[in-house]
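> Residue-level listing of the chains:
2 protein chains.
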Amino acid sequence: MIEKDRMPRLGIDLGGTFARAAVVDEQGRILAADKVALSERTPSAVVEAIARAAQQALKAAGAVDVNACGVGAAGQIHGESGVLAVAPNLGWRNVPLGALLAERLGHGVRVVNDLRAAAWGEFNAGAGRGSQDMYTVFVGSGVGSAVIANGRLVTGGSGLAGELGHTKVVPNGRKCGCGELGCLEAYVGGHNLMAQTRELLASGKSPAIRELTGGDPEKITPVTLEKAAELGDAVASELYERVALMLTLAVANQVTVLNPARLILGGGVLTHCPGLRRRVVEGVQKYASTTSREGLLITEAELGDDSGIIGAALLA
Amino acid sequence: MIEKDRMPRLGIDLGGTFARAAVVDEQGRILAADKVALSERTPSAVVEAIARAAQQALKAAGAVDVNACGVGAAGQIHGESGVLAVAPNLGWRNVPLGALLAERLGHGVRVVNDLRAAAWGEFNAGAGRGSQDMYTVFVGSGVGSAVIANGRLVTGGSGLAGELGHTKVVPNGRKCGCGELGCLEAYVGGHNLMAQTRELLASGKSPAIRELTGGDPEKITPVTLEKAAELGDAVASELYERVALMLTLAVANQVTVLNPARLILGGGVLTHCPGLRRRVVEGVQKYASTTSREGLLITEAELGDDSGIIGAALLA
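If you're matching them up, the sequences are chains S and A in order.
Quick note: the first sequence uses the working numbering, first residue 1, plus one each step.
Quick note: the second sequence uses the working numbering, first residue 1001, plus one each step.
In short, the hints are calculated from the structure, not lab data.
Where hints are given, some of them may not hold.
Unchecked claim - Keeping only pairs whose Cα atoms sit at most 27 Å apart, straight-line, the calculated DSSO-like set for lysine-lysine is:
#1 S:Lys-227 to S:Lys-205
#2 S:Lys-175 to S:Lys-205
#3 A:Lys-1059 to A:Lys-1035
#4 A:Lys-1286 to S:Lys-175
#5 A:Lys-1175 to A:Lys-1205
#6 S:Lys-286 to A:Lys-1035
Please build the complete structure, drawing on both the sequences and the hints.
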């Protein structure tokens, strides 16, 4: 007989287009996985898609039962409520995903933010192994972070810790998608990097952005600004250095306060903009307090797209 | 027979001029306390002073033995080493206080930073009671902070978490006492508030500072700048609003990332500059992310000078 806490767990990664399910052992190894496209985004259709992916993953793993189920979902989840308060990818507000899924699957479900799930996966089975204090920063279309201290995920008083993207870098500055002004994400999130690059293109002051895009704003990507800066374009360089410094100071200051043993940098923008990543790494060495970066290891996520599903399973 | 974990503990508060000792029960109540002036600051003289204060406190409490001893000391202590790496008040570097004191007292001693001890005291027996996630900011001659998450003190990978005073607010800015440039403490720590006020006095551009001090730089205190700003002095107001915003953003951004249930503001500068404290409180409401400040309680330390000795005892 398998002891209950050594039974495999089910991890779910809920994105905007797919639900992925994996059967994960207690050490964070994926035994089998499956994914199902989300044809509809109503809560009941998504719950069905998750259940189908889960059944297929369980079948492929030859598992009859799981100990627990964890879901990593993009969005705001208050504490242990299992309610997705805001999930922009799915167009959801206040959907009690945990309760709906628990009813459908017949056992308990824990719902956590996808970035936290990914950080927990890296902490236990990836780049954070062996440490007790880890800080993870992801820069993709948005900017998020996750804090692990004393070997535990820091969730905060209302379950929303880690919102580095909504720290204010310019008082009353640029409008952020969250509705507030001057958030870090309003400058360095991928969507906003593109928006600012479009503004430079429209201003007619950046020959390099015009050249890289043929003047077509649709051809702008989050990488365009870095490429234009590398071509020596003056206005592109000015903006690029400015946003790079904002991100660098924000990350370095968290290193000073949190004194993590590991700093994990991930997300599409940092992956595809190597110059930006290099500036952050060098900037942490320059701006984090000397004492806080003694023994600090700055590294990349190791588990790729699997970190979230593994972390969700291990958090279950 | 008293169970071991319910025996009273000994708390020590080691300042630059006194060693205070208290016998503290498991709920954080002081049963008896005593203090001994530090006539000399050599490690052996300080250890003797602590031992004398401890013996007198034990005698006054009618206690024959204690479960454990905790020391809160101003300075940098790496992890659980018990070594005071830097203790400016005592002029010490790399003094193994924990080991020296354990030998003298005949039982184990835990040495922690004084601000962390105070935060732990407030968390367990003062303003943090009932919460699991608390952030404490002290602005005195320096600027420090302490993070409590999931009910535990966050110490960080090398034991130096909480150094809010050494986050960078101006890249390559004003020189800080730590040797680095542009630290928050270089602008809003009490010593540096005074230094900047002296610079304004010397510049001859601030009639209010000249009036408040009679032109004597020796009469400048950390409160002088706030008073001059309140008198409507233009250059004093400009500097004052600038440093107030730096502090406000730094605190608000930590609220956004850490999502504490309680924010404790303390320290001499915040106590004696009510305008600065008000700006920080209002600024957190303005600049911390909406979600992070849902349910946030901003409050003052409740235990006054006893927080450190109580916290040290409870951390022992």
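> Determine for every hint whether it applies to the structure shown.
How the hints compare with the structure:
no.	hint	verdict
1	S:Lys-227 to S:Lys-205	16 Å, holds
2	S:Lys-175 to S:Lys-205	23 Å, holds
3	A:Lys-1059 to A:Lys-1035	13 Å, holds
4	A:Lys-1286 to S:Lys-175	14 Å, holds
5	A:Lys-1175 to A:Lys-1205	23 Å, holds
6	S:Lys-286 to A:Lys-1035	43 Å, violated
Of the numbered hints listed earlier, the single one contradicted by the structure is hint 6.
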